[in-house]
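Protein chains: 4
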Amino acid sequence: MTENIERLAAALEDGLIGRRRDLHRCPEAAWTEFRTASMVAAALSAAGYEVRLGQEAVRRESMLGVPSEDELTAHMERAVAQGGDPDLIASMRGGLTGVVGELRCGEGPVVALRFDMDANDLDEACDEEHRPFREGFASVNAGVMHACGHDGHVAMGLGVAELLAECKDQLHGTVRLIFQPGEEGVRGAGPMVDAGALDGVDYLLGGHIGFRAPRTGQVVCGTGGFLSTTKFDVAFTGVAAHAGAALEQGRNALLAAANAALNLHAIPRHGQGASRVTVGVLNAGQGRNVVPPNALIKAETRGETSAINDCMFERAREVVAGAAKMYGVDAVLTEVGRSVSGESDPGLAARVRRAAEAMNFFDPAEIIDRMELRGSEDFALMLAEVQGRGGLGTYLMLGSDLAAGHHNARFDFDERCLAPGAALFAACVLDLMEQPVESGS
Amino acid sequence: MTENIERLAAALEDGLIGRRRDLHRCPEAAWTEFRTASMVAAALSAAGYEVRLGQEAVRRESMLGVPSEDELTAHMERAVAQGGDPDLIASMRGGLTGVVGELRCGEGPVVALRFDMDANDLDEACDEEHRPFREGFASVNAGVMHACGHDGHVAMGLGVAELLAECKDQLHGTVRLIFQPGEEGVRGAGPMVDAGALDGVDYLLGGHIGFRAPRTGQVVCGTGGFLSTTKFDVAFTGVAAHAGAALEQGRNALLAAANAALNLHAIPRHGQGASRVTVGVLNAGQGRNVVPPNALIKAETRGETSAINDCMFERAREVVAGAAKMYGVDAVLTEVGRSVSGESDPGLAARVRRAAEAMNFFDPAEIIDRMELRGSEDFALMLAEVQGRGGLGTYLMLGSDLAAGHHNARFDFDERCLAPGAALFAACVLDLMEQPVESGS
Amino acid sequence: MTENIERLAAALEDGLIGRRRDLHRCPEAAWTEFRTASMVAAALSAAGYEVRLGQEAVRRESMLGVPSEDELTAHMERAVAQGGDPDLIASMRGGLTGVVGELRCGEGPVVALRFDMDANDLDEACDEEHRPFREGFASVNAGVMHACGHDGHVAMGLGVAELLAECKDQLHGTVRLIFQPGEEGVRGAGPMVDAGALDGVDYLLGGHIGFRAPRTGQVVCGTGGFLSTTKFDVAFTGVAAHAGAALEQGRNALLAAANAALNLHAIPRHGQGASRVTVGVLNAGQGRNVVPPNALIKAETRGETSAINDCMFERAREVVAGAAKMYGVDAVLTEVGRSVSGESDPGLAARVRRAAEAMNFFDPAEIIDRMELRGSEDFALMLAEVQGRGGLGTYLMLGSDLAAGHHNARFDFDERCLAPGAALFAACVLDLMEQPVESGS
Amino acid sequence: MTENIERLAAALEDGLIGRRRDLHRCPEAAWTEFRTASMVAAALSAAGYEVRLGQEAVRRESMLGVPSEDELTAHMERAVAQGGDPDLIASMRGGLTGVVGELRCGEGPVVALRFDMDANDLDEACDEEHRPFREGFASVNAGVMHACGHDGHVAMGLGVAELLAECKDQLHGTVRLIFQPGEEGVRGAGPMVDAGALDGVDYLLGGHIGFRAPRTGQVVCGTGGFLSTTKFDVAFTGVAAHAGAALEQGRNALLAAANAALNLHAIPRHGQGASRVTVGVLNAGQGRNVVPPNALIKAETRGETSAINDCMFERAREVVAGAAKMYGVDAVLTEVGRSVSGESDPGLAARVRRAAEAMNFFDPAEIIDRMELRGSEDFALMLAEVQGRGGLGTYLMLGSDLAAGHHNARFDFDERCLAPGAALFAACVLDLMEQPVESGS
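Residue numbers (UniProt numbering), protein chains in the order written: chain H, 1 to 441; chain C, 1 to 441; chain R, 1 to 441; chain V, 1 to 441.
Hint data in this document are derived by calculation from the structure and do not stem from the laboratory.
Remember, identical chains collapse to one label, so a pair may be satisfied in a single copy or spanning two.
The calculated EDC-like cross-link candidates involving lysine to aspartate or glutamate, where the alpha carbons are at most 20 Å apart (straight line), are: (1) Lys-168 - Glu-50; (2) Lys-325 - Asp-310; (3) Lys-325 - Glu-314.
Work out the full structure: start from the sequences and follow the hints.
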């Protein structure tokens, strides 16, 4: 069976690479994945999957950090102009860009796979040393770039869809493929969970190209140590005044924000485990000689456990409120993303190892049981949902040679990881439908 | 004689208003006044003035805060596209946009008048309530607006040129009209002084529409209390790092800048007189979850005397260097503007009063001897140059009803101030050539 | 008459110097001037003055910054041990250490003179170069020193009392001598005003040895530019925690106080005139490895006008509240002193000049009409009270060669200023009872 | 054999308690343990141990945080007055208060035991609820208290000395008892290591009463997770100035220290493991209305590994230097203590378990293999020295009911832990001389 899958996957390779490059060329950031999602939906339908999208896939009320109506409309128009299906896109109005495809194959467990689709807010490198530019598939959308490999994730997910559709008669249970928007900024998973995308799931698998597995041929079977996190913006509003004649009439939002930034970083370390806090962006002021009436900061807290993150975020709220009070300005704090801590199930990871070992795609010496993520991923929200209902989940790292680090303008990965990745996911599904993971393992 | 001037000025009124509106529609910011300056140069030549421009009017080495070569080129192209003379503009390459026109009329004192030409970095209001929009002369150049009245200053200056050319036979001495770029940010005066624009000047007059004289018909004969000032930018450069996994590898430029901003404001008050320090703009960071490797602040110091400003700026340097050291980042401080303190000569102001009183244009009850500026103006550099060589100078406020405060997107002034202003300057010139100001007055 | 006074004063000189040295040896700080006040009261009674003390001289409810009951008791005991009258001291229980002496001499104006009595919190220099040590009259009270010359003020005031008692038959009106506690920290004047010490006063004079008149023989007839001021302490209370194991359980009062200190200094300069803010003392923490649960700051604001000071103090309250909120700690702000802005009356100062010019004590070239104080003095509260009721007041500087600056451990003054000072005050009283100051002068 | 030791220890119990109470009454802080050390030296000599003290036990050049010569002399005098041996104390001049006792019993391993002797800087509670006060053995030395149990450690160590002397004929090897000064502040271990106190040691044991074992009868056989740490003071020196008249002449040390405190806490978390930084104390300023010319902070960094602590301390140096530079003040940073990270050897801990299990003193259910310290202890320096030369070491927790937490003014422990603790150490020595720990265990 595994041999068959490997063969099928190898045959798909060129198609996967082509798909990835098309997506790379037209990257879309969080809540604007209109073209991507419409193509995913069309491909899943074509492969025989039952498709849910729009409000059936994403709960509007749970969405954080959504662009303005005008921006969303502009992105919908761009998506259509770049070849997206207008009708499908219309059903995603408001940024409801998640897609769920389901293949029901009789009695058996529900196995869900999750793939994230969004790109980064970044200008792609445009010179001959950067392969996507040299070979003509660099981003044409200004300020957006697939610099994390989610273009590969989507291609791989659609490859899995095809592989499993071809093996349909060997399946006993339900395959659910979840294509998630807005992983960057940890925004997309929550609203899909709230829309029921994980209901009834017995096994959940997800994964990432590269990252902690930076060599083609590697595979990490279970990732742990997801950091719980909260992303938030704070807008400070004061009063402008002339810096020469009437300073006392102003209310300085820049200084409130500077104090907030400084004191957020001074929130004490947590004694129970790792904690983090970062103000990544601060923009304030209108002109050199005007008391700055406006400031915006973009920040995040993290914690080894959700309790630690909650503690950090609670302190962050205090710091922001206090900094605003010090300068007599208003501060509006908006949560724009959220995820929890999490740990893959070792029993399920062991089954991934078994599947990987049965393939020629992977170097047996490079199959690793567990690795620490030391970062945040809203896959953890899905994991918590599944584990909370008694299911199991694991998050893989699929090795790939990298041209540069993730979120770098020169990021690129070795596309030879795509077919093996698709094959491994498909093999795991088949295996889990054949034989359940024993409890306690 | 005064009557004659008033009559001539009244006849010019429509032309002055038309000129002002044309300039208002095509505003140009500091060092990019290519179209404006080329029109000034052409008009002065046409009126019989000997014209100096480019390197003869502005010393390149003294220029601060100059835009990049690319930006300058783009602005030169725009200036030509909007009707500027290509040859004249070519001679201003590098941003040398100052113009000096001279009318020599035999023996007698050198009387210089200074007019500033630059616009503000601001988007103009565009709705029916704003007259320039309603009447079709709002700015067509995005992000730039004449929100301080310098369009009126240029129109008035060219009116003075015409008036004096018409009275040429009554003049005994030399008229020198100085059209200065980059007053906003106090950048333009220094390089014109260094190029010799004030050499040999016996009397210097300048002035401003509105400001401390916000009613049409008012005139302030001498302005004092110019604050000495230094404008500076600081660019901080650190090292980016992932905010979850490797914070210790980063060097946080945002926190260095936040500390600089906070501690710049904490520089102690000066015991000898008024001091000021403001950080008006702070922009830092690349993304929420990245240790910010970059930050920029725009700041200024001021002082009631130049000694106080120097003391403030010296402390500012220390604060910036210390903040950078605290965070192990580089800080590059660039001076982008500079002016000194200053005081108009009461004797010369008294002559302005005499000339104003002789006209019907002004309300005798609204002719004011002296007012405090409580701000900075690089006219003070020219004043210091002239006074340092034994000459006299004064700075007028020419009353005008204002639609909104200076530097506001809804700024507009009452154009009926233009002809009287031009007449007053011309009358002063005639008067000064007739009868010197007695020393000690 | 003046000659007579000069002669009488010269005869008193040795007594004044002896008195000053006795007081210098036993200095007493604010609200603990038990020995000093009891000696003043005794001397005034002996000279025939009607004396008010305790609750009749100081309003208890208006007192700020009063030491604890235990401290007051200890100081009362010390005062008795150092020769103070036990009965008089008992009537000052609670720190009511002000004394008013009145000499009624028929119809005529009420002329009040104010002398301050308190010493500084400072260890006096104890080496042979310091004259008070060398000649045996250095402070014997640890941590307290007459480093501002108030010992001289008291001696001078008692000299005035004697002079006027001797000239009693030439007086027409009421002499009121006010001996005030707690000038340092601007605490004593308010409660004496509230107790009615200035009721009915037509003319008020006060003065200072040295300061802006640092040479023996000088006299400044009117001092102006008193800065309005508020003195305040802030106690921050947080929660201690172990710095290794449980930082998140702490609430860091040290960091709240550090933020308060920093941001108090960053309160914007006031556009309408001079402003000041200083945190002079910060003490926080219990041990190196404990999250600091406690912090105390001692601070002050000042303003060229009382409106400016009020604005500064209002901002200070906000900064303190915000800093506490940022760190989740409590902050208790206590006002411990207060004074207003003020200006001497030129008409009254002119009379001081006349009196001084009539004496041989002063160098005519060194009699100065007016000087800026550039500091705070709660004499301004008395001045405001008198001026508010239509009276006149002035504050003198009585020149004296100084060994070191005021508030310095090596401060000492030239005692030859004492007799002339007493003579000048007495002469002014006589003069004012003879001839009123004409309004408008 | 174990039975014998238990019996002997039980017989010593009253003596150990008496010794502990005597030490509790006369506590001595770091580098001033003159009385304690002289009594230890006398007792060891009496029991037949060869004693090294003064320069033979402590390397003077390695000592950090040593009190001034005057303070040391005063403490030596107090120690003699409280019964210390004058000659022994004389040999400890300079604070060389470590003692090493050695009992050589033929061929065999060198087994070292370490006991710390110093008390805390704390006033002991003095009311009837506090047993040491009620029963008459509370501290008579103001500001010093045995609030961590080191009095018990010394008593226990001298108990071990007696027990082993009595079993001398069963010993094969060398017993070395190390009595260390200055554990609080991690000052004493380094200079004893540098003086050779650990030379040749095969097995090292140490331990603590209470702490992570807060119940009598408990024992933790191996403690790990010692945090590496650096303790440091920073003295800032600026320039005083009058806060009303001449702020610009001052150099504000308080603000430099406040900035240092704030930014020390903002040093980024280390991605490789736990880090800590705390400013526990800040004292600054002289008076409310004086620009503060002086400030002192007491701070510490910690790290899960020594590399992390080094990284934190390096950043701390930068912050301090930068804060000083910002305000133009001098900063002198002095290291006053230092320790490293460390981990007990599990093989040696297993032997402690075996010895404890063989005794009736301990509750078998309360014998714990390993616990995290989550704090710093300079035993880790000795551990590193021994492990670096191929030896083994472990750090025990000896359970004791506690009246209040360590470093609390009401701290007291259950003295019934003393005899069992002494017995356990002695039994371990005997056991280790009988049978070596096998490598790799």
